[in-house]
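Using the sequences and the hints, build the whole thing.
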Amino acid sequence: MTTAAHIRRELDAVTIRFAGDSGDGMQLAGEQFTSATAVAGNDLATLPDFPAEIRAPAGSLPGVSAFQIQFASTDIFTPGDEADVLVCMNPAALKTNLNTVRRGGTIIVNSDAFTETNLKKAGYAVSPLDDESLKEYAIHKVPIETLTIEATKGLEIPSRTAKTCKNFFALGLMYHMYQRPMEETLAFIDAKFLAKTPLIAEANKRVLNAGWNFGDTAELGSGFVVPPARISPGTYRNIRGNDALALGIVAASVRSGLPVFLGAYPITPASDVLHVLSQYKHFGVRTFQAEDEIAGVCAAIGASFGGGLGVTISSGPGIALKTEALGLAHMTELPLLVCNVQRGGPSTGLPTKTEQADLFQAIFGRNGECPIPVIAAATPADAFESVYEAARIAIKYMTPVFFLSDGYIANGSEPWKIPDPDSLPPIDVNFVKTGETVQPYERDPVTLARRWVKPGTPGLEHRIGGLEKADKTGNISYDPDNHDKMTRIRAEKVARIAQEIPPTETAGDPDGDVVVVGWGSTYGSIEAAVRAARLRGVRAAHVHLRYLNPLPSDLESVLRRFRKVLVPEINLGQLSFILRGKYLIDARGFNQVRGQPFKVAALTQAIMNLSEET
Amino acid sequence: MTTAAHIRRELDAVTIRFAGDSGDGMQLAGEQFTSATAVAGNDLATLPDFPAEIRAPAGSLPGVSAFQIQFASTDIFTPGDEADVLVCMNPAALKTNLNTVRRGGTIIVNSDAFTETNLKKAGYAVSPLDDESLKEYAIHKVPIETLTIEATKGLEIPSRTAKTCKNFFALGLMYHMYQRPMEETLAFIDAKFLAKTPLIAEANKRVLNAGWNFGDTAELGSGFVVPPARISPGTYRNIRGNDALALGIVAASVRSGLPVFLGAYPITPASDVLHVLSQYKHFGVRTFQAEDEIAGVCAAIGASFGGGLGVTISSGPGIALKTEALGLAHMTELPLLVCNVQRGGPSTGLPTKTEQADLFQAIFGRNGECPIPVIAAATPADAFESVYEAARIAIKYMTPVFFLSDGYIANGSEPWKIPDPDSLPPIDVNFVKTGETVQPYERDPVTLARRWVKPGTPGLEHRIGGLEKADKTGNISYDPDNHDKMTRIRAEKVARIAQEIPPTETAGDPDGDVVVVGWGSTYGSIEAAVRAARLRGVRAAHVHLRYLNPLPSDLESVLRRFRKVLVPEINLGQLSFILRGKYLIDARGFNQVRGQPFKVAALTQAIMNLSEET
Amino acid sequence: MSDHDLPGGHDEPLPKYTKDDFTTDQDVRWCPGCGDYAVLATVQKLMAELPVRREDHVFVSGIGCSSRFPYYMNTYGFHTIHGRATAVASGLKITNPNLHVWIVTGDGDGLSIGGNHLMHLLRRNFDVTVLLFNNRIYGLTKGQYSPTSELGKRTKSTPMGSIDYPLSPLAVALGSGASFVGRSYDVDGKHLSGLIRQAWEHKGTSFIEIYQNCNIFNDGAFTSVTEKASKDAAQLRLEHGKKMLFDGGRKGIAFQEGRPVVITLGVDGTEEDVATHDAFDADISRAFALANVQVPEYPTPMGLLRAVSRPTYESLLHAQIDEAQKKKKADLHALLHGGYTWKVEDH
Amino acid sequence: MSDHDLPGGHDEPLPKYTKDDFTTDQDVRWCPGCGDYAVLATVQKLMAELPVRREDHVFVSGIGCSSRFPYYMNTYGFHTIHGRATAVASGLKITNPNLHVWIVTGDGDGLSIGGNHLMHLLRRNFDVTVLLFNNRIYGLTKGQYSPTSELGKRTKSTPMGSIDYPLSPLAVALGSGASFVGRSYDVDGKHLSGLIRQAWEHKGTSFIEIYQNCNIFNDGAFTSVTEKASKDAAQLRLEHGKKMLFDGGRKGIAFQEGRPVVITLGVDGTEEDVATHDAFDADISRAFALANVQVPEYPTPMGLLRAVSRPTYESLLHAQIDEAQKKKKADLHALLHGGYTWKVEDH
Ligand SMILES: Cc1ncc(C[n+]2csc(CCOP(=O)(O)OP(=O)(O)O)c2C)c(N)n1
Ligand SMILES: Cc1ncc(C[n+]2csc(CCOP(=O)(O)OP(=O)(O)O)c2C)c(N)n1
Ligand code: SF4
Ligand code: SF4
Ligand SMILES: [Mg+2]
Ligand SMILES: [Mg+2]
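Protein chains in written order, with this note's numbering: chain A, 228 to 841; chain B, 228 to 841; chain C, 3 to 349; chain D, 3 to 349.
Hints listed in this document are in silico derivations from the structure and should not be mistaken for laboratory results.
Ideal Cβ positions, reconstructed from N, Cα and C, are used throughout, including at glycine.
Treat the hints loosely; a few may be bogus.
Quick look at which bits of chain B chain C covers, simulated, 3 or more residues with Cβ under 8 Å [to be verified]:
no.: 1; stretch: 285-296
no.: 2; stretch: 483-496
no.: 3; stretch: 505-511
no.: 4; stretch: 516-522
Per the computed footprint, the stretches of chain A lying under chain B, defined by three or more beta-carbons under 8 Å from a beta-carbon of chain B, are [stated by the list, open to error]:
no.: 5; stretch: 248-260
no.: 6; stretch: 583-592
no.: 7; stretch: 624-633
no.: 8; stretch: 689-698
no.: 9; stretch: 706-715
Computed list of chain A residues with no C-beta within reach of chain C, every gap over 12 Å [to be verified]:
no.: 10; residue: ARG330
no.: 11; residue: ILE528
no.: 12; residue: TRP643
no.: 13; residue: ASP655
no.: 14; residue: GLU719
Structure representation (structure tokens):
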């Protein structure tokens with residue numbers, strides 16, 4: 228590989244963003260760049276940004292697809308507030324992404340695409356390349372399409388086909404700029420194309436190299452180096468949240484010995500979990516694409532009744548439909564894993580955007596007294612461990628458990644240190660066996676879980692259902708005192724899950740001015756903002772909750788070690804309300820509902836401001 | 228009518244309870260006694276207590292049906308903690324109702340029914356009439372069946388038929404005991420039977436009189452007088468909560484000029500509202516028995532879109548199913564009245580019992596940020612005015628509104644001072660008219676309500692839906708800032724409803740030790756308990772909330788005038804949690820989930836205890 | 003409906019059962035006189051005869067009077083939520099295909115709120131049996147009309163008469179591609195028992211409509227079909243391979259130009275013209291024609307309308323799982339290490 | 003589907019419309035090449051021809067690519083939630099029977115999550131028209147199989163092939179007692195337009211299945227039926243009163259013993275034997291037989307299978323309201339004073 232003659236500059240962290248038409252392969256370029264960056268040993272975080280349409284008209288504003296990555300030589304936690312470099316494949320991409328670039332940042336445009344038609348589709352009267360509008364940025368006009376076609380000359384493929392390789396040109400250019408290794412991508416091209424379409428493989432490789440070489444010769448400010456981060460040793464892979472979620476479920480199945488039954492109905496952004504799990508039939512995973520969300524959850528309840536690990540997965544509107552059935556799972560005290568990959572709401576809302584506004588629904592959203600434990604993932608990789616934990620608790624406590632992810636976690640990816648399966652906490656399943664004299668609603672004294680009896684077991688025939696049960700026998704009971712008692716037992720069982728929760732960790736100062744409490748995918752922005760605020764002199768700490776119901780028993784005392792409590796959420800203040808109600812602590816919200824992660828700068832400012840309040 | 232020769236004693240308040248087999252007509256007897264008592268000018272409160280089964284086997288424990296009424300010469304608020312007199316038609320009724328009678332109370336048993344078979348069905352080894360088990364009560368064995376058949380002698384009806392009149396014997400006996408006027412019941416019998424079955428009419432009347440006369444001659448301690456209460460002048464009728472609810476909806480229709488569309492699916496205890504409204508076709512009411520609850524609410528949304536008053540009604544499990552559609556109503560900002568007649572939960576729970584455990588669901592139970600106003604009825608008669616208010620707000624603010632009733636309100640009844648329709652608050656509807664240039668999501672500056680455009684209006688064609696809307700135009704928008712803005716506008720619109728709420732009333736002391744905050748059907752028990760506590764020296768007040776979301780703006784300041792806040796609820800602490808979260812006030816719950824109203828004595832004790840805490 | 007091998011794991015011989023073995027200690031809480039009692043007795047008796055262990059039966063129901071059924075069967079049982087028994091049973095059957103799964107539902111539970119799940123259950127063809135108790139009314143909620151109530155019916159929710167055109171449960175089932183469709187009624191225990199047994203033998207989803215009298219809210223809904231005096235003329239007792247005769251052989255059903263017609267023998271035609279019932283007809287048309295006729299214009303068909311054989315959902319699914327397992331080892335370590343991985347060394 | 007009187011309150015004459023009057027300013031966001039475009043154009047053109055004011059049309063849809071339809075029609079429109087357009091439309095039509103209500107749904111929206119509401123809409127017979135865009139795939143969620151996908155279909159959610167037996171939308175509709183059932187396809191604008199117009203004229207619920215190509219996730223799903231070269235042999239173009247001939251008159255459909263069979267003229271029979279299509283047949287059997295046949299064994303029927311006349315739900319409901327209003331005055335004061343009342347005097 229050629230190395231550049233230019234002076235290399237070391238950078239701490241860089242954010243780059245690829246943007247183009249949905250048909251331009253920007254997600255692919257972004258994913259490849261991510262892998263190469265991971266291999267280069269940087270810490271990183273990514274943000275894919277899809278259009279809502281399947282395939283909006285080419286060149287149109289709604290058709291723009293983007294992918295952002297931040298990578299660094301130190302720990303980083305977010306895909307970056309602003310891009311240092313934006314790669315723009317057409318005018319529409321420039322139009323919709325310009326506000327994501329920092330002032331003074333670099334913009335690389337595919338100048339071939341700035342035709343009159345495309346400019347018009349993007350709503351430009353004059354080309355922004357020709358007027359003053361971009362003067363605050365370093366603009367590089369690169370005729371990417373021409374160069375791409377040039378690079379494939381001599382191969383017998385039509386120029387229309389050749390043009391589709393242009394994302395690899397952009398990728399090659401960025402690889403050069405940030406000195407990423409290209410082996411991984413070259414191997415990927417071969418794996419994907421060599422067997423079936425060797426010409427395409429060759430074309431892509433040539434174009435990739437042409438991009439690199441172009442960077443080498445053009446004066447684009449190449450040769451930036453972001454040295455490797457100090458990352459704990461181990462084997463890594465890059466993982467998307469939805470994949471981690473699916474793997475966590477399979478791991479829970481293997482470790483518990485229970486076959487997974489997934490009852491689900493497709494919905495953005497949860498569908499991929501159905502797709503991925505349907506490929507794991509060799510693990511005995513049964514995926515059932517139901518006729519609707521109600522059937523999905525009910526079939527999962529049936530599976531759990533039959534002695535399987537019932538799982539259902541959906542997003543806001545679909546979760547809403549499952550509400551009634553969750554009451555049944557709660558009443559019959561069967562294990563059930565309910566995954567909600569949250570999206571923008573209410574109603575159909577913003578299906579492709581992220582949001583954290585379903586926490587109230589998870590904790591409170593059922594008829595009757597019907598507490599359900601709630602566990603949330605913090606990052607794409609964390610989805611593995613946290614969903615595993617959710618499954619473990621569902622089985623151990625014989626209860627439905629809500630697992631919350633969101634669109635940002637689902638489609639985002641990060642390097643994941645692959646755990647040793649044997650190091651995962653054990654999941655013991657203890658079906659009642661023939662001959663044991665157990666009543667269906669007898670309970671474990673520690674967990675209050677009832678015992679699980681598998682149909683087919685001789686001598687233990689019994690009936691369960693949604694009517695109130697008599698204590699121990701599980702027969703129908705209309706007795707007032709029994710109802711009060713059972714309602715409290717079910718609540719107490721869920722409350723006891725607190726005994727599973729490890730001591731609350733604070734990242735930052737052990738006490739002081741502001742504790743920032745978060746949950747879910749805001750992990751990265753909060754961590755970054757707390758660090759920034761501490762650098763600016765605030766005594767602050769970050770507490771990130773995996774367990775949202777019940778809350779950790781030590782949480783109140785942790786919060787009380789700080790003068791102020793700030794709760795940033797991508798909603799209008801749900802966890803903050805719950806903390807207030809539980810602890811009578813004046814938890815303040817920092818809330819935005821913009822379908823996007825927080826900007827670290829804004830959050831840092833909020834911490835600074837609160838720390839100054841007396 | 229004969230009058231008793233015995234000395235009359237004046238009593239302040241009396242609680243009597245009729246109990247028998249489902250086939251024994253106890254509800255009818257109870258209702259008649261209620262009417263007669265209302266006419267006698269007493270204040271009263273009732274509690275019907277049905278079996279869960281349609282028709283459990285005759286004489287069995289689950290087949291017992293009871294009706295309790297308290298009436299008094301002063302204001303009373305509950306059907307009574309304990310019965311002074313229990314009328315028992317068979318052993319099963321005695322068995323299941325004995326614990327409702329105060330020690331020393333009177334029990335009148337139909338001794339004819341204490342046969343060996345019946346005793347066995349009730350699980351008595353020996354007859355309780357023959358052993359010592361009832362020695363703490365004043366027992367009167369009356370061969371009611373024999374006396375009933377006796378009374379109908381000479382009429383050409385089979386003795387099996389004659390026997391079915393026995394509830395009138397019991398009723399006549401109680402009428403004598405408490406000196407109620409019988410005219411109302413005699414008229415009722417004629418209205419019901421005279422035309423079709425004159426012999427039955429005659430039989431019932433004879434038996435009723437026989438009961439009275441028996442009381443007159445037997446030494447049952449008759450001649451108690453409960454003098455009339457001081458009741459504000461006006462025309463009264465006795466009304467059940469479900470009837471009041473239906474009437475309130477019709478009144479809102481008449482006053483707004485909007486036709487009612489009720490989309491509903493039968494469910495206990497809400498079905499009666501469907502039944503009653505289906506009889507009001509002459510008011511243009513359209514009732515639609517949908518295929519399920521989802522279709523019910525969706526059809527109601529369609530009706531509102533079409534310019535009608537969309538209403539849906541259900542109970543817990545059915546409300547759960549409507550969750551997704553409520554998001555649509557919220558997003559499209561259409562008026563919609565959602566009535567939840569709560570029952571025991573979770574899941575199928577205890578369908579025929581009362582509970583207040585769906586408050587969380589009403590306030591929090593949807594995906595996304597989706598606030599919906601919540602209004603609750605306090606008593607059966609109050610259902611009229613409060614559901615009217617709920618409809619008014621739905622229309623004025625262009626929003627779905629939750630109206631909460633419960634099984635106790637639904638089936639309970641009380642005297643209702645009939646309002647003058649013209650005195651009801653006006654409901655102005657202001658459809659956009661042809662020629663007005665209004666955008667679909669332009670808003671009223673005061674209420675933030677968008678304008679309502681009726682399909683069919685020329686020139687105003689537009690499209691709405693569940694995706695996020697652009698401000699003003701209502702077109703689809705994926706813009707992050709627009710989403711944040713619209714989410715806040717919708718929340719602010721609901722918050723502004725607080726401007727409709729009258730100043731919070733406190734009953735009792737204006738400040739002091741304990742303020743007891745309630746909502747819904749606990750009104751009576753709380754009012755009675757607060758009065759009792761005040762008599763015992765506590766400075767206490769009762770605040771009963773009709774508006775649960777938003778809460779009254781002055782509520783916090785009212786609560787802060789007291790040292791302690793007690794929140795009694797038939798749940799595990801839902802309103803109390805909300806008050807804590809909102810105001811950071813240490814609101815304490817008094818919670819029972821027994822499917823029954825509170826006992827005044829227990830609640831009084833709780834107030835006393837809390838007042839003693841420092 | 004069964005896997006005819008006895009379910010795995012049992013070494014002992016099948017016990018000799020009696021009806022009592024299938025009776026629970028719970029008080030039966032239907033109204034005295036309700037048709038549900040007769041069905042319960044028939045099913046309990048049949049259970050004692052089937053070569054299936056008690057613990058391998060599961061009765062799954064929704065909500066309704068009829069859906070109380072599982073409480074009275076001394077087997078495994080699940081009284082789920084309204085309309086969803088079919089969905090719950092699907093997950094159960096996939097999880098343990100050895101179980102004998104019975105679904106008990108009503109005309110409201112199965113055709114109103116649960117209509118969609120029923121349709122999809124039938125097309126998927128799980129090896130389960132659906133017993134739909136059709137009393138043409140909502141019993142448990144005390145007497146509203148149901149999707150099978152006749153037009154003009156006055157009920158609590160339709161004081162001026164219902165205006166929804168009723169569904170034929172059998173037509174819905176055939177419209178959904180059901181593989182086994184039949185009808186019987188509560189008090190003809192022998193006929194009902196025979197049909198349920200056939201259903202149990204059928205591999206795939208069997209759908210049986212059971213006319214059931216609700217003596218409280220819809221008494222006599224089926225007397226015109228079932229009462230002794232007229233039942234010969236009112237019922238078309240279907241038997242495979244037999245002519246479709248009724249009314250003591252005086253009348254029959256013929257198919258003319260694709261349409262079913264009643265012929266009086268010796269008047270409109272001869273026995274020759276009468277169609278022969280083919281319960282296993284590959285073509286669905288005739289079964290559907292039968293599903294749409296009823297008294298008074300036609301005799302009401304009773305018995306098995308149609309059974310066709312088609313692989314069951316769970317067998318296809320488990321075949322895919324087997325195939326996948328043959329191809330690939332279930333190695334969790336390997337799965338977690340899938341895709342591109344890299345090592346970070348100590349430094 | 004219409005009340006043929008113009009809706010009340012308009013004095014001015016009906017404007018002369020063009021297709022453009024029915025086009026909105028919203029960018030159409032279907033994939034280039036999607037069959038939805040053709041249907042949209044056909045419907046917009048037809049709207050300009052119907053004697054209905056623009057403001058009296060309402061397009062109600064669920065969720066899916068096809069369900070975006072209302073945004074592109076310059077009429078009133080409601081893009082509701084997944085599967086519920088039918089229910090929303092029911093409430094709308096009852097509230098204002100003068101509106102011309104169109105329901106746009108997909109094979110997922112209408113037959114998967116929305117199957118039950120569709121079934122009940124059809125039996126109730128509201129005077130509305132359902133356009134079900136059948137592309138045999140879930141488009142909007144990017145390519146999972148749908149209830150109409152063929153067995154064995156490999157999709158994102160069925161990597162080893164789907165195992166659910168597909169539904170025939172027309173069979174489901176007839177099984178539910180639909181009063182108007184037909185089929186057409188995206189690119190045959192003339193045929194489609196004619197069928198939709200007939201549907202609009204029908205008083206009652208009209209159900210039209212529209213074969214629609216999803217060129218992204220299920221390209222060519224219907225080519226065997228619709229492509230020029232083979233369509234003559236592959237389609238049975240139904241016309242009332244005409245013989246059921248196809249393949250240029252070389253073949254025809256006959257009913258034998260109640261079953262549909264393909265006959266080759268001159269080989270298995272003559273034109274005499276070929277059935278004549280009766281689109282208004284009182285008996286449902288033949289229409290159902292046609293709903294269940296398709297290529298390759300049979301030609302796929304196109305056109306109106308069956309239309310029968312039955313009172314609409316809203317007309318029956320409003321008749322009851324009228325009757326009630328004739329009998330009883332709507333006097334709120336009297337209503338509130340219903341039952342036994344008593345006066346309490348000042349004291
Ligand atoms: C979600 C929900 N909606 C409504 C109900 C009330 N409900 C219980 S059973 C029933 C209908 C019963 O009718 P059917 O299925 O015909 O059974 P039957 O009682 O006639 O045997 C209804 C509406 C409920 N339990 N849950
Ligand atoms: C309650 C709910 N569940 C799931 C979804 C996701 N979803 C949207 S459209 C769709 C299926 C679309 O298929 P179809 O109706 O065939 O329409 P097409 O896109 O093919 O035109 C699904 C599953 C949703 N929006 N809401
Ligand atoms: S209401 Fe009808 S169906 Fe229900 S138990 Fe009674 S008789 Fe049977
Ligand atoms: S995904 Fe298919 S159905 Fe949807 S717009 Fe694209 S081509 Fe049309
Ligand atoms: Mg029924
Ligand atoms: Mg589709």
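>> If I take the minimum Cβ distance from ASP655 of chain A to any residue of chain C, is it greater than 12 Å?
In response: holds, 17 Å
Has the stretch 689-698 of chain A got at least three residues whose CB is nearer than 8 Å to a CB belonging to chain B? holds (count 4)
Are there three or more residues in the stretch 248-260 of chain A whose C-beta lies within less than 8 Å of some C-beta in chain B?
violated (count 0)
Query raised in the report: Is the nearest Cβ of chain C still more than 12 Å from the Cβ of GLU719 of chain A?
Result: holds, 24 Å
Exercise. Three residues minimum, CB to CB under 8 Å: does the stretch 516-522 of chain B make the cut for coverage by chain C? Let me know.
Key: n = 4 at 8 Å, threshold three: holds.
* Count residues of the stretch 624-633 of chain A with a Cβ under 8 Å from any Cβ of chain B, then say if the count reaches three. => violated (count 0)
Practice item. With a C-beta cutoff of 8 Å, work out whether three or more residues of the stretch 285-296 of chain B approach chain C closely enough for the coverage to hold. Key: Since three or more residues must qualify, the claim that chain C covers the stretch 285-296 of chain B holds, with 3 doing so at under 8 Å.
Just checking, ARG330 of chain A versus chain C, shortest CB gap more than 12 Å? Answer for ARG330 of chain A: holds, closest chain C Cβ roughly 35 Å.
Item to check | Within 8 Å of chain C's CB atoms, at least three CB atoms from the stretch 505-511 of chain B: coverage verdict | outcome: holds (count 3)
* May I ask you to check that ILE528 of chain A keeps its beta-carbon over 12 Å from the closest beta-carbon of chain C? => At roughly 6 Å from the nearest Cβ of chain C, ILE528 of chain A sits no farther out than 12 Å, so the non-interface label is violated.
*Given as non-interface: TRP643 of chain A, partner chain C, CB spacing beyond 12 Å*: Per Cβ check, TRP643 of chain A is inside 12 Å of chain C; nearest 9 Å; violated.
Q.
At least three residues with a C-beta closer than 8 Å to a C-beta of chain C: is that true for the stretch 483-496 of chain B?
A. Held - the stretch 483-496 of chain B has 4 residues with a Cβ nearer than 8 Å to chain C, which meets the minimum of three.
Hints 5, 7, 11 and 12 from the list above are not met by this structure, while the remaining hints are.
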